[in-house]
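K.L.:
Let the sequences and hints guide you as you build the complete structure.
Protein sequence lines, in the order shown, are assigned to chains C and Y. Those letters in the first sequence? Residues 1 to 235, by the numbering used here. Those letters in the second sequence? Residues 1 to 150, by the numbering used here.
For the record, the hints were derived by calculation from the structure and aren't laboratory data. We put the CB at the ideal spot given by N, CA and C, even for glycine. Mixed in with the good hints, there may be bad ones.
[As the list claims (entries may be wrong)] Cβ-Cβ distance ranges computed for the label pairs, FRET-style: (1) PHE68(C) / THR98(Y): 31 to 37 angstroms; (2) GLU110(Y) / GLU29(C): 50 to 56 angstroms; (3) LYS73(Y) / GLU29(C): 38 to 44 angstroms.
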Amino acid sequence: MARNGAHTWRRRTDRIDSFDLSASSDTDEVHVLAVDDSHVDRKVIERLLRISSCKVTAVDSGRRALQFLGLDEEKQSNGFDGLKVDLIITDYCMPGMTGYELLKKIKESSAFREIPVVIMSSENVLARIDRCLEEGAEDFIAKPVKLSDVKRIKDYMVRVGEGERRLNKRKLRDSCDLSSSPPSILSSSPISSTSSSSPSSIPRSPSILPATATAPSSPSSLDSPTRRLKMTSSE
Amino acid sequence: MERNPMRRQLASMRKSLFDQGYLDEQLIQLEELQDDANPNFVEEVVTLYYRDSARIILNIEQALERKPFDFNKLDDYMHQFKGSSSSIGAKKVKAESTMFREYCKSGNAEGCMRAFQQLKKEYATLKKKLEAYFQLARQAGPMETACRPK
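P.N.:
Here is the structure:
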């Protein structure tokens, strides 16, 4: 399965990298923060993510997600402690704070706006999808979530995450010791198991799979999320 | 060996659950998440579902005792219920949830009550079938999940 390939690839790049990451991120594994008020859905998404070689922290509300990130208190995290979150996947409909509101809070935060956020929803309302994507959501998954959804998210997110980690390190170290430029590493990624396109486009390129142009015109150039929404499904 | 007849029975039980529309593709998704380290994942999720959804059903029951109906609240509860049902592949239950929500949206109190009765029937039926299935699975030994119904 491609997830093993992804794991190996990440290790390889860490070796190429001259920085010692072991202090900052304790493992190569992608760490996902999953937010869902449904206990059943949390259990499922947790398993989906674990089986996809991700570390998972699952919380039951937007509030708790912000607390976990350290956004609730005024704790400024530079993103390099051991609990660094690489991806946030959140349900849309939740009591208290919706996934959309959580998304906004994250994108408003200087410390965390770079973290890709994926929205899950059982209600595939186009306006809702557009709104989320416009607010900076990386992708939109229709519930019930399948293994292929998680795999897809993880595959492109690893590339995005690696690129951003390099950017962050460059900023932090204030030097350009990186001999290898991020784009070339990303584009030489062997993870072409998904039909992902544009490996050199780094953050915020949610569109992945070539889409059948069935989606009505939306402000963003994203066909794939709506295509994946199974709007013509037998549901 | 005794396990073979049991496994055959198990496979046929499983097949009829799908053929008769009680379960859909999502349950297969869950089965694929089972492995040697997590051999009972599906049963765990289903158990969790019945525990959680029982609470929601109770909430709905109580809400239906308060007249006039708060259709928004009822719809809210059913949205949660439908979501969980969908996550375990409970196809008929999910369909009944949709019916109920339609009646909520059109403010049809009679329809709501009828739909709810129907939903509870399907919910109980599925529960019994799944309980029997998991019990047999435990007796039969490691489950054969490779066979897809279609």
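K.L.:
Hint by hint, which ones does the structure fall short of?
P.N.:
When the structure is compared with the hints, none of them turns out to be violated.
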